[in-house]
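Student: Sequence:
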Amino acid sequence: MSLVLIAEQVLNGLQFGVMLFLMAAGLSLIFGVMGLINLAHGSLYMIGAFCAAAVAGATGSFVLALMAALAGAAVAGALVEVLVIRRLYNKDHLDQVLATFALILIFSEGTRWLFGSFPLYLNVPDILSGPVTLPGGIQYPLYRLVLIGAGLAVAGGLFWLISKTRIGIQIRAGENDREMIAALGVDIGRLYTLVFALGAALAGLAGALVGAIQSVQVGMGEPVLILAFVVIVIGGIGSIKGAFLGALLVGLTNTLGGIFLPEALKLMIEPAAATSIGASLASMAIYILMAVVLVLKPTGLFGARA
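Residue numbers (full-length UniProt numbering): 1 to 306.
Simulated from the structure, these hints should not be mistaken for laboratory data.
None of these values were measured; they are calculated from a predicted model.
Among the hints, erroneous ones may be present.
SDA-like, lysine to any residue: derived pairs with alpha carbons at most 20 angstroms apart [unchecked claim]:
#1 241 with 148
#2 266 with 295
#3 91 with 37
#4 241 with 161
#5 241 with 259
#6 241 with 166
#7 266 with 168
#8 241 with 229
#9 266 with 280
#10 241 with 169
#11 91 with 188
#12 241 with 289
#13 241 with 188
#14 266 with 3
#15 241 with 294
#16 266 with 285
#17 241 with 186
#18 164 with 136
#19 241 with 168
#20 266 with 189
Label-pair distances were calculated between CB atoms; the ranges are [what the hints assert, rightly or not]:
#21 168 with 60: 31 to 39 angstroms
#22 82 with 124: 34 to 42 angstroms
#23 183 with 124: 47 to 55 angstroms
Ideal placement from N, C-alpha and C gives every residue a C-beta, glycine not left out.
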(Lines of atoms letter the chains of each structure in order from A and count residues from 1; the text may use other names and numbers.)
(Lines give C-alpha, C1' and ligand atoms only; values in the text may rest on other atoms or scores of the structure.)
Protein backbone atom coordinates (compact mmCIF):
# COMPACT_ATOMS: atom_id res chain seq x y z
CA MET A 1 0.00 0.00 0.00
CA SER A 2 1.56 3.28 -1.13
CA LEU A 3 1.94 6.41 0.99
CA VAL A 4 0.13 8.37 -1.72
CA LEU A 5 -2.96 6.15 -1.31
CA ILE A 6 -2.83 6.54 2.48
CA ALA A 7 -2.55 10.34 2.18
CA GLU A 8 -5.49 10.46 -0.23
CA GLN A 9 -7.63 8.38 2.13
CA VAL A 10 -6.70 10.58 5.09
CA LEU A 11 -7.87 13.61 3.09
CA ASN A 12 -11.07 11.75 2.16
CA GLY A 13 -11.61 11.00 5.85
CA LEU A 14 -11.09 14.65 6.77
CA GLN A 15 -13.53 15.76 4.08
CA PHE A 16 -16.12 13.26 5.26
CA GLY A 17 -15.49 14.29 8.87
CA VAL A 18 -15.97 18.04 8.38
CA MET A 19 -19.19 17.43 6.45
CA LEU A 20 -20.40 15.20 9.30
CA PHE A 21 -19.52 18.01 11.69
CA LEU A 22 -21.84 20.43 9.87
CA MET A 23 -24.62 17.88 10.28
CA ALA A 24 -23.78 16.89 13.84
CA ALA A 25 -23.13 20.41 15.19
CA GLY A 26 -26.71 21.52 14.63
CA LEU A 27 -28.05 18.25 15.97
CA SER A 28 -25.86 18.57 19.07
CA LEU A 29 -27.05 22.14 19.68
CA ILE A 30 -30.69 21.13 19.36
CA PHE A 31 -30.22 18.07 21.55
CA GLY A 32 -28.12 19.90 24.14
CA VAL A 33 -30.10 23.15 24.43
CA MET A 34 -33.63 21.84 23.92
CA GLY A 35 -33.30 18.24 25.10
CA LEU A 36 -35.06 17.24 21.87
CA ILE A 37 -34.51 14.06 19.87
CA ASN A 38 -34.94 15.32 16.30
CA LEU A 39 -35.06 12.46 13.82
CA ALA A 40 -36.08 14.91 11.08
CA HIS A 41 -32.65 16.59 11.04
CA GLY A 42 -31.64 14.42 8.07
CA SER A 43 -34.62 15.78 6.14
CA LEU A 44 -33.23 19.31 6.55
CA TYR A 45 -29.96 18.05 5.04
CA MET A 46 -32.01 16.73 2.10
CA ILE A 47 -33.93 20.01 1.75
CA GLY A 48 -30.65 21.95 1.52
CA ALA A 49 -29.40 19.63 -1.22
CA PHE A 50 -32.62 19.90 -3.25
CA CYS A 51 -32.80 23.69 -2.88
CA ALA A 52 -29.20 23.96 -4.09
CA ALA A 53 -29.76 21.61 -7.04
CA ALA A 54 -32.94 23.41 -8.11
CA VAL A 55 -31.41 26.91 -7.92
CA ALA A 56 -28.18 25.83 -9.61
CA GLY A 57 -30.22 24.25 -12.41
CA ALA A 58 -32.26 27.43 -12.86
CA THR A 59 -29.47 30.02 -12.55
CA GLY A 60 -26.21 28.17 -13.19
CA SER A 61 -24.72 29.84 -10.10
CA PHE A 62 -23.17 27.64 -7.41
CA VAL A 63 -22.96 30.58 -4.98
CA LEU A 64 -26.70 31.24 -5.31
CA ALA A 65 -27.28 27.51 -4.86
CA LEU A 66 -25.43 27.54 -1.52
CA MET A 67 -27.35 30.63 -0.39
CA ALA A 68 -30.61 28.94 -1.34
CA ALA A 69 -29.62 25.82 0.62
CA LEU A 70 -28.85 27.87 3.73
CA ALA A 71 -32.02 29.95 3.46
CA GLY A 72 -34.33 27.07 2.51
CA ALA A 73 -33.14 24.77 5.31
CA ALA A 74 -33.18 27.60 7.90
CA VAL A 75 -36.74 28.64 6.97
CA ALA A 76 -37.90 25.02 6.99
CA GLY A 77 -36.27 24.51 10.38
CA ALA A 78 -37.82 27.65 11.86
CA LEU A 79 -41.29 26.71 10.59
CA VAL A 80 -40.95 23.18 11.95
CA GLU A 81 -39.89 24.51 15.35
CA VAL A 82 -42.76 27.02 15.56
CA LEU A 83 -45.49 24.75 14.21
CA VAL A 84 -44.51 21.33 15.56
CA ILE A 85 -41.44 21.11 17.78
CA ARG A 86 -42.56 23.82 20.20
CA ARG A 87 -45.36 21.50 21.36
CA LEU A 88 -42.93 18.68 22.17
CA TYR A 89 -40.49 20.21 24.67
CA ASN A 90 -42.41 19.03 27.71
CA LYS A 91 -43.38 15.71 26.16
CA ASP A 92 -41.81 12.31 26.64
CA HIS A 93 -38.92 11.37 24.34
CA LEU A 94 -41.13 8.72 22.71
CA ASP A 95 -43.57 11.46 21.64
CA GLN A 96 -40.63 13.44 20.20
CA VAL A 97 -39.40 10.38 18.28
CA LEU A 98 -42.86 9.64 16.83
CA ALA A 99 -43.51 13.27 15.86
CA THR A 100 -40.15 13.83 14.20
CA PHE A 101 -40.39 10.45 12.44
CA ALA A 102 -43.71 11.64 11.02
CA LEU A 103 -41.89 14.76 9.79
CA ILE A 104 -39.44 12.54 7.91
CA LEU A 105 -42.35 10.97 6.01
CA ILE A 106 -43.94 14.36 5.32
CA PHE A 107 -40.69 15.88 4.05
CA SER A 108 -39.89 12.84 1.92
CA GLU A 109 -43.27 12.73 0.23
CA GLY A 110 -43.37 16.53 -0.11
CA THR A 111 -39.95 16.55 -1.77
CA ARG A 112 -40.97 13.72 -4.08
CA TRP A 113 -44.10 15.66 -5.01
CA LEU A 114 -42.16 18.85 -5.75
CA PHE A 115 -39.10 17.44 -7.50
CA GLY A 116 -40.14 13.95 -8.60
CA SER A 117 -38.65 10.57 -7.75
CA PHE A 118 -35.59 10.81 -9.98
CA PRO A 119 -32.26 12.06 -8.58
CA LEU A 120 -31.05 15.59 -9.33
CA TYR A 121 -27.43 16.46 -10.00
CA LEU A 122 -25.49 19.48 -8.78
CA ASN A 123 -22.39 20.12 -10.85
CA VAL A 124 -19.09 21.16 -9.36
CA PRO A 125 -18.26 24.74 -10.50
CA ASP A 126 -15.75 24.87 -13.35
CA ILE A 127 -13.34 26.93 -11.26
CA LEU A 128 -13.26 24.17 -8.63
CA SER A 129 -13.22 21.16 -10.94
CA GLY A 130 -10.22 18.98 -11.66
CA PRO A 131 -7.34 17.84 -9.46
CA VAL A 132 -4.51 19.76 -7.87
CA THR A 133 -1.02 18.51 -7.13
CA LEU A 134 -0.13 18.45 -3.45
CA PRO A 135 3.34 17.96 -1.92
CA GLY A 136 4.59 14.45 -2.54
CA GLY A 137 2.98 14.28 -5.98
CA ILE A 138 -0.51 13.60 -4.61
CA GLN A 139 -3.27 14.32 -7.13
CA TYR A 140 -6.40 15.30 -5.24
CA PRO A 141 -9.71 16.87 -6.38
CA LEU A 142 -9.73 20.60 -5.77
CA TYR A 143 -13.41 20.61 -4.80
CA ARG A 144 -12.82 18.15 -1.97
CA LEU A 145 -10.01 20.36 -0.65
CA VAL A 146 -12.41 23.31 -0.77
CA LEU A 147 -14.95 21.25 1.20
CA ILE A 148 -12.35 20.63 3.90
CA GLY A 149 -11.46 24.33 4.02
CA ALA A 150 -15.12 25.43 4.03
CA GLY A 151 -15.98 22.99 6.80
CA LEU A 152 -13.08 24.17 8.93
CA ALA A 153 -14.04 27.81 8.32
CA VAL A 154 -17.64 27.15 9.37
CA ALA A 155 -16.39 25.26 12.44
CA GLY A 156 -14.22 28.26 13.41
CA GLY A 157 -17.14 30.64 12.92
CA LEU A 158 -19.41 28.44 15.01
CA PHE A 159 -16.85 28.23 17.82
CA TRP A 160 -16.60 32.03 17.76
CA LEU A 161 -20.38 32.42 17.78
CA ILE A 162 -20.84 30.10 20.74
CA SER A 163 -17.92 31.32 22.84
CA LYS A 164 -17.57 35.05 22.05
CA THR A 165 -21.00 36.49 21.28
CA ARG A 166 -24.01 37.40 23.40
CA ILE A 167 -26.26 34.97 21.60
CA GLY A 168 -23.66 32.26 22.19
CA ILE A 169 -23.69 33.00 25.90
CA GLN A 170 -27.48 32.67 25.89
CA ILE A 171 -27.25 29.35 24.02
CA ARG A 172 -24.74 27.97 26.53
CA ALA A 173 -26.79 29.25 29.43
CA GLY A 174 -29.93 27.73 27.95
CA GLU A 175 -28.18 24.39 27.79
CA ASN A 176 -27.34 24.51 31.50
CA ASP A 177 -30.39 26.20 33.04
CA ARG A 178 -33.19 27.26 30.70
CA GLU A 179 -35.53 28.28 33.56
CA MET A 180 -32.96 30.72 34.94
CA ILE A 181 -32.28 32.52 31.65
CA ALA A 182 -36.03 32.76 31.04
CA ALA A 183 -36.37 34.36 34.49
CA LEU A 184 -33.62 36.84 33.54
CA GLY A 185 -35.69 38.11 30.63
CA VAL A 186 -34.35 36.10 27.70
CA ASP A 187 -37.08 35.16 25.22
CA ILE A 188 -36.59 31.40 25.40
CA GLY A 189 -39.02 30.74 22.56
CA ARG A 190 -37.13 33.01 20.18
CA LEU A 191 -33.83 31.50 21.33
CA TYR A 192 -35.08 27.98 20.59
CA THR A 193 -36.29 29.03 17.15
CA LEU A 194 -32.91 30.61 16.40
CA VAL A 195 -31.00 27.52 17.55
CA PHE A 196 -33.22 25.24 15.50
CA ALA A 197 -32.88 27.44 12.40
CA LEU A 198 -29.09 27.58 12.85
CA GLY A 199 -28.86 23.81 13.15
CA ALA A 200 -31.09 23.40 10.10
CA ALA A 201 -28.97 25.85 8.07
CA LEU A 202 -25.79 23.92 8.89
CA ALA A 203 -27.44 20.66 7.83
CA GLY A 204 -28.70 22.26 4.62
CA LEU A 205 -25.24 23.62 3.84
CA ALA A 206 -23.74 20.16 4.32
CA GLY A 207 -26.36 18.68 1.99
CA ALA A 208 -25.64 21.27 -0.71
CA LEU A 209 -21.86 20.83 -0.52
CA VAL A 210 -22.05 17.03 -0.62
CA GLY A 211 -24.73 17.15 -3.33
CA ALA A 212 -22.07 18.19 -5.85
CA ILE A 213 -20.18 14.90 -5.41
CA GLN A 214 -23.16 12.55 -5.22
CA SER A 215 -26.71 12.49 -6.52
CA VAL A 216 -29.40 14.49 -4.75
CA GLN A 217 -32.29 12.18 -3.96
CA VAL A 218 -35.14 11.59 -1.55
CA GLY A 219 -33.99 9.87 1.64
CA MET A 220 -30.35 10.90 1.31
CA GLY A 221 -30.30 12.41 4.80
CA GLU A 222 -31.20 9.36 6.88
CA PRO A 223 -27.86 7.46 6.59
CA VAL A 224 -26.00 10.69 7.44
CA LEU A 225 -28.32 11.27 10.41
CA ILE A 226 -27.33 7.91 11.91
CA LEU A 227 -23.66 8.84 11.66
CA ALA A 228 -24.39 12.27 13.14
CA PHE A 229 -25.97 10.63 16.20
CA VAL A 230 -22.84 8.47 16.54
CA VAL A 231 -20.74 11.65 16.37
CA ILE A 232 -22.59 13.46 19.16
CA VAL A 233 -22.58 10.37 21.36
CA ILE A 234 -18.80 10.08 20.93
CA GLY A 235 -18.16 13.81 21.34
CA GLY A 236 -20.68 14.45 24.10
CA ILE A 237 -24.18 15.88 24.01
CA GLY A 238 -24.29 19.65 23.55
CA SER A 239 -20.54 20.04 22.96
CA ILE A 240 -19.48 21.71 19.71
CA LYS A 241 -15.86 20.83 20.41
CA GLY A 242 -16.92 17.23 21.01
CA ALA A 243 -18.95 17.19 17.80
CA PHE A 244 -15.93 18.42 15.84
CA LEU A 245 -13.51 15.86 17.28
CA GLY A 246 -16.11 13.09 17.09
CA ALA A 247 -16.84 13.89 13.44
CA LEU A 248 -13.14 13.74 12.53
CA LEU A 249 -12.74 10.43 14.39
CA VAL A 250 -15.78 8.92 12.66
CA GLY A 251 -14.72 10.22 9.23
CA LEU A 252 -11.18 8.89 9.52
CA THR A 253 -12.26 5.59 11.08
CA ASN A 254 -14.86 4.98 8.39
CA THR A 255 -12.52 5.85 5.52
CA LEU A 256 -9.27 4.31 6.70
CA GLY A 257 -11.00 1.21 8.04
CA GLY A 258 -12.26 0.45 4.55
CA ILE A 259 -8.66 0.44 3.31
CA PHE A 260 -6.62 -1.12 6.10
CA LEU A 261 -8.94 -3.86 7.37
CA PRO A 262 -9.25 -5.72 4.03
CA GLU A 263 -5.50 -5.42 3.47
CA ALA A 264 -4.77 -6.80 6.94
CA LEU A 265 -7.15 -9.72 6.44
CA LYS A 266 -5.52 -10.61 3.12
CA LEU A 267 -2.46 -11.66 5.11
CA MET A 268 -4.54 -14.33 6.87
CA ILE A 269 -7.29 -15.46 4.47
CA GLU A 270 -7.92 -15.55 0.73
CA PRO A 271 -8.27 -12.12 -0.94
CA ALA A 272 -11.91 -12.44 -2.03
CA ALA A 273 -13.09 -13.35 1.48
CA ALA A 274 -10.80 -10.73 3.02
CA THR A 275 -12.35 -7.98 0.90
CA SER A 276 -15.90 -8.97 1.86
CA ILE A 277 -15.20 -9.47 5.56
CA GLY A 278 -13.01 -6.37 5.71
CA ALA A 279 -15.77 -4.22 4.23
CA SER A 280 -18.22 -5.53 6.84
CA LEU A 281 -15.79 -4.90 9.68
CA ALA A 282 -15.06 -1.40 8.35
CA SER A 283 -18.77 -0.52 8.49
CA MET A 284 -18.83 -1.74 12.12
CA ALA A 285 -15.66 0.13 13.13
CA ILE A 286 -17.37 3.43 13.99
CA TYR A 287 -19.86 1.67 16.26
CA ILE A 288 -17.04 -0.21 17.97
CA LEU A 289 -15.33 3.17 18.45
CA MET A 290 -18.52 4.56 19.98
CA ALA A 291 -18.82 1.59 22.34
CA VAL A 292 -15.21 1.95 23.49
CA VAL A 293 -15.68 5.68 24.17
CA LEU A 294 -18.88 5.06 26.16
CA VAL A 295 -17.23 2.35 28.24
CA LEU A 296 -14.33 4.65 29.10
CA LYS A 297 -16.38 7.84 29.42
CA PRO A 298 -20.18 7.48 29.45
CA THR A 299 -20.73 11.23 28.91
CA GLY A 300 -18.71 11.21 25.68
CA LEU A 301 -15.38 12.93 25.21
CA PHE A 302 -16.55 16.43 26.16
CA GLY A 303 -20.11 15.92 27.33
CA ALA A 304 -21.39 17.28 30.62
CA ARG A 305 -24.03 14.57 31.00
CA ALA A 306 -24.75 11.08 29.73
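Student: Does each hint fit the structure? Answer for all of them.
Tutor: The hints, checked one at a time:
no. : hint                             : verdict
1   : 241 with 148                     : holds (17 angstroms)
2   : 266 with 295                     : violated (31 angstroms)
3   : 91 with 37                       : holds (11 angstroms)
4   : 241 with 161                     : holds (13 angstroms)
5   : 241 with 259                     : violated (28 angstroms)
6   : 241 with 166                     : holds (19 angstroms)
7   : 266 with 168                     : violated (50 angstroms)
8   : 241 with 229                     : holds (15 angstroms)
9   : 266 with 280                     : holds (14 angstroms)
10  : 241 with 169                     : holds (15 angstroms)
11  : 91 with 188                      : holds (17 angstroms)
12  : 241 with 289                     : holds (18 angstroms)
13  : 241 with 188                     : violated (24 angstroms)
14  : 266 with 3                       : holds (19 angstroms)
15  : 241 with 294                     : holds (17 angstroms)
16  : 266 with 285                     : holds (18 angstroms)
17  : 241 with 186                     : violated (25 angstroms)
18  : 164 with 136                     : violated (39 angstroms)
19  : 241 with 168                     : holds (14 angstroms)
20  : 266 with 189                     : violated (57 angstroms)
21  : 168 with 60: 31 to 39 angstroms  : holds (37 angstroms)
22  : 82 with 124: 34 to 42 angstroms  : holds (36 angstroms)
23  : 183 with 124: 47 to 55 angstroms : holds (50 angstroms)
Checked against the numbered hints given earlier, the structure breaks hints 2, 5, 7, 13, 17, 18 and 20 and satisfies all the rest.
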